[in-house]
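Asks: If you want the building blocks of each chain, they are given just below.
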Amino acid sequence: MGSAHSMSEEVRELVSKTGFSSEQIEQLHRRFKQLSGGQPTIRKENFNNIPDLELNPIRSKIIHAFFDNRNLRKAPNGLADEINFEDFLIIMSYFRPIEPNMDEEQLERCRKEKLRFLFHMYDSDSDGRITLEEYRNVVEELLSGNPHIGKESARSIADGAMMEAASICVGQMQPDQVYEGITFDDFLKMWQGIDIETKMHVRFLNMDAIALCH
Amino acid sequence: MAFRVRGTTQEFRFPVWGLLFLALWMLPRVLGVEEIPGHNSHENQGFQIVTFKWHHVQDPYIIALWILVASLAKIVFHLSHKVTSVVPESALLIVLGLILGGIVWAADHIASFTLTPTVFFFYLLPPIVLDAGYFMPNRLFFGNLGTILLYAVIGTVWNAATTGLSLYGVYLSGIMGDLSIGLLDFLLFGSLIAAVDPVAVLAVFEEVHVNDVLFIIVFGESLLNDAVTVVLYNVFDSFVSLGADKVTGVDCVKGIVSFFVVSLGGTLIGIIFAFLLSLVTRFTKHVRIIEPGFVFIISYLSYLTSEMLSLSAILAITFCGICCQKYVKANISEQSSTTVRYTMKMLASGAETIIFMFLGISAVDPAIWTWNTAFILLTLVFISVYRAIGVVLQTWLLNKYRMVQLEIIDQVVMSYGGLRGAVAYALVVLLDEKKVKEKNLFVSTTIIVVFFTVIFQGLTIKPLVQWLKVKKSEHREPKLNEKLHGRAFDHILSAIEDISGQIGHNYLRDKWSNFDRKVLSKLLMRRSAQKSRDRILNVFHELNLKDAISYVAEGERRGSLAFIRSPSTDNIVNVDFSTPRPSTVEASVSYLLRENVSTVCLDMQALEQRRKSIRDTEDTVTHHTLQQYLYKPRQEYKHLYSRHELTSNEDEKQDKEIFHRTMRKRLESFKSTKLGINQTKKTAKLYKRERGQKRRNSSIPNGKIPMESPTRDFTFKEKELEFSDPEETNEYEAEEMSGGIEFLANVTQDTATDSTTGIDNPVFSTEEDQSIFTKVPPWLSPEETVVPSQRARVQIPYSPSNFRRLTPIRLSTKSVDSFLLADSPEERPRSFLPESTHM
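Protein chains in written order, with my numbering: chain L, 1 to 214; chain E, 1 to 839.
Don't take every hint at face value.
[As the list claims (entries may be wrong)] These stretches of chain E come out as covered by chain L in the derived footprint (C-beta under 8 Å, 3 or more residues):
(1) 209-216
(2) 481-490
[As the list claims (entries may be wrong)] Straight-line alpha carbon distances no greater than 20 Å define the calculated EDC-like cross-link-like pairs of lysine to aspartate or glutamate that follow:
(3) E:K483 / L:E141
(4) E:K511 / L:E141
(5) E:K285 / E:D212
(6) L:K33 / L:E23
(7) E:K462 / E:D212
(8) L:K114 / E:E482
(9) E:K511 / L:D52
(10) E:K471 / L:E104
(11) E:K483 / L:E104
(12) E:K483 / L:E152
(13) E:K483 / L:D127
(14) L:K74 / L:D127
(15) E:K483 / L:E23
[Claimed, not checked] Listed next, with one range per pair, are the computed distances between beta-carbon atoms:
(16) E:G146 / L:D81: 40 to 46 Å
(17) E:G486 / L:G19: 50 to 56 Å
(18) L:G19 / E:A161: 54 to 60 Å
By construction, these hints were calculated from the structure, which means they are not laboratory data. Every residue, glycine too, gets a C-beta built ideally from N, C-alpha and C.
Whenever a hint applies, use it, and build me the whole structure from the sequences.
Replies: Laid out in structure tokens, this is it:
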């Protein structure tokens, strides 16, 4: 860990930026290096080398999210070609567990952040709306793990979900009213009452788990 | 008759109480009290037409009577909602037991009917624990497994040790007076009184709806601490019989080893039997009627097996239930599943009732009472205080690692919810009086502790929970979006763990579910079940069902389903006027309907608090609704009897028919997409055939349609739809088709023979049948279209690429979600939109 000392300034910056502890950053950095093959940046192809990820039905969406400029807080749309370690950490920080001493406001912000990440994953064309097409796409991928569910039923499930969303968000619609898609506000509404902040987290360990992993 | 009733003079006037008293009075005879041999004998007077053979039936008779009394008591308790909402049922049952025990005592001065450990451990406990395991919310349970294990193992050891040692310390100080107890006896007592009791916890916590996490922690602890209790109890029991001076260090090590053997062995037995059970249910397709039996028998065998190997029986049956639930529920038919669910609930709640009542009865026996104020009071104080301390210490430790922190409030409830119950009582009764000199003191103290925790704490925990504002469990309808997002979540989280190289819950869960899908499910599930067992599909299915039901209900309210009723007969035929408010038929029908819906739902909720099955609710509701308001046959149907086959009687079939009709198109559209075109075509074929059949029927001149044919034909088809899947269909297609043809042929024959005696139901007259198809609402229309859920028709989300305008009235026919415009607007009045959307 010779680099740990020289990186300490950067690490401190990253700690304040992402909220990870320096040990966690250390560990994630090792993982980053492993993924990138020693390069300073990661490209999409690098993710293909993770064997466990292969079985994940929404793999492409998740990998996509890593390069999404909205998630990287760089631009309102578009994709990055490659991400560096800091970007990697930013993405990871969406999945940090909530701190026990957070107040209401922080909690709310944390919750919104997490949901925004999720929302961006659904909203692939970054127009601020999850349209039916986009939703269907996700559901199809999501259910592709089950070989017994055809595309058609995936579609109809997506349709059903969309209608449900519409009925939650808009309530009774007028005959000529049109529901164009789920906006982020609608998305928040749908998630009301579900404590996402306790669900959407990964326990980032301080110890090295990579050795066990491979 | 030689049998004379001795106590008739004391008998009560009321029949119920008379019966009850009779039962109680006879009790002493059941257990051990010797009968005078000649008492029942009579001189040989030749053949007697009627003989009174009480002794012949005595034992089972009395058991049945006790069960009846306990069940009647439950009815009585629930007559008053005020009482049951304040006092937990378990407390009421104990009090009832005390009263009944008192009556028995007053009558006979012998208290011989008590809760014996054998009966408790072999017959009463297994159903309760199996129920707990089978309905265990697995994800919640395994998510909190670490916490539960810590409380169950360390917590119980802590409780046992501190209680035992403290009591010993106080004993040394001499407050308790002169008792012949050694340190080991105290530890033995501590170990049996330490364990939180699953029966008591369940009974009380089911009525206090605390949040899921809190519930699973307390409840899980109470289940899993059994291994600790058993080991501690056995260890100290053998130490006591060895004598304090002969206990060596080796024995202590053996004790610790035996803990691991007992707990892991019990778990392993449970898993093995769960595997066996899942495997067996995979092949029960042709013996549907005994299918539910396997679930009970094999789980019970797991209990007995581990008892035989002196492993933890409770752990075995718990894990048997936990592990098999997924596969069993997928494998067995829906009817069997319902049977299993209800039988299990019935057995469990019956056993619970009996346990608490007999706890009360057992207490009325002066022979066991040895009062020692200091000992009893101190025991009460110690178990409460040490439990609280233990919980606080462990929670402090756990909160360092837990994501969802356990708050102070949770800790209070957890400490307070540490109820002791029948397990402790049964264990203390098992003690050998020769070895444990003060057994009676232990027994009476245990009884006091159990009564105190169940009655006092059970009574006060509800107000406490309310006062502390503990997060309650919310009852939430399944939402498709939630399920979808939840699924997406699991994948995202496991992906993030993969990417970041962590091994966490999600990683393990992901690996497990992959393994499950690839190996276990293939091995243990029917092929058809493997396909339909997707939760998202299930929710989708449930929502669709719900939509359909609200559609029917609403339609009825609006009178647009009037075609179901026959215009040719007076209205009375179809509407059951025995229900209240008969005068305002049109209005009341819907009101009643809603009322019924709500009450049925409530009942179901009460029954299935931990695991709710919407589909089942819907079935009941629909059935109820239909039975009440739709077809009312004039004549009784003959009931076909078969031991091996459960044919729902014709009445029910008719009741269900409307529902099936309504649902069919919907389901078909869903299934056709799910199962592929093959199925659809076949369905269409059958459908046509059915219609042909109808037409044939309609040619019968007198208008008296033999009802069985379309109905049976229909249900048959439904069933086939329900249980077949493409693969199996392909395999068995020829067979099934020929079966179908044969069946139809049979039906036709029936038609011929039955037409004279045919069931004369005006509702089913030809015209009506036709009218159903002429006035068809869209979901009944014969064309093959994809019919969206009701919400789809009501509120189609607009997406420019797909829909022009999707409204109830005007729809794009291009869209997948479009439906036929066959129905007129008034058939689907817009005013019912709110109901459907706010379900």
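Asks: Next step is simple, just say for each hint if it's right about the structure.
Replies: Tested hints:
1. 209-216: violated (count 0)
2. 481-490: holds (count 7)
3. E:K483 / L:E141: Judged against 20 Å, a Cα distance of about 15 Å means the pair holds.
4. E:K511 / L:E141: Holds, at roughly 19 Å.
5. E:K285 / E:D212: Cα-Cα ~36 Å, so violated.
6. L:K33 / L:E23: holds, 15 Å
7. E:K462 / E:D212: Holds, at about 16 Å.
8. L:K114 / E:E482: holds, 16 Å
9. E:K511 / L:D52: holds, 9 Å
10. E:K471 / L:E104: holds, 17 Å
11. E:K483 / L:E104: violated, 27 Å
12. E:K483 / L:E152: This hinted pair holds, its Cα atoms lying about 18 Å apart.
13. E:K483 / L:D127: violated, 25 Å
14. L:K74 / L:D127: holds, 16 Å
15. E:K483 / L:E23: violated, 35 Å
16. E:G146 / L:D81: 40 to 46 Å: holds, 42 Å
17. E:G486 / L:G19: 50 to 56 Å: At 25 Å between Cβs, range violated.
18. L:G19 / E:A161: 54 to 60 Å: With a Cβ separation near 42 Å, L:G19 and E:A161 fall outside 54 to 60 Å, so the hint is violated.
The structure does not agree with the numbered hints 1, 5, 11, 13, 15, 17, 18 stated previously, though it agrees with the rest.
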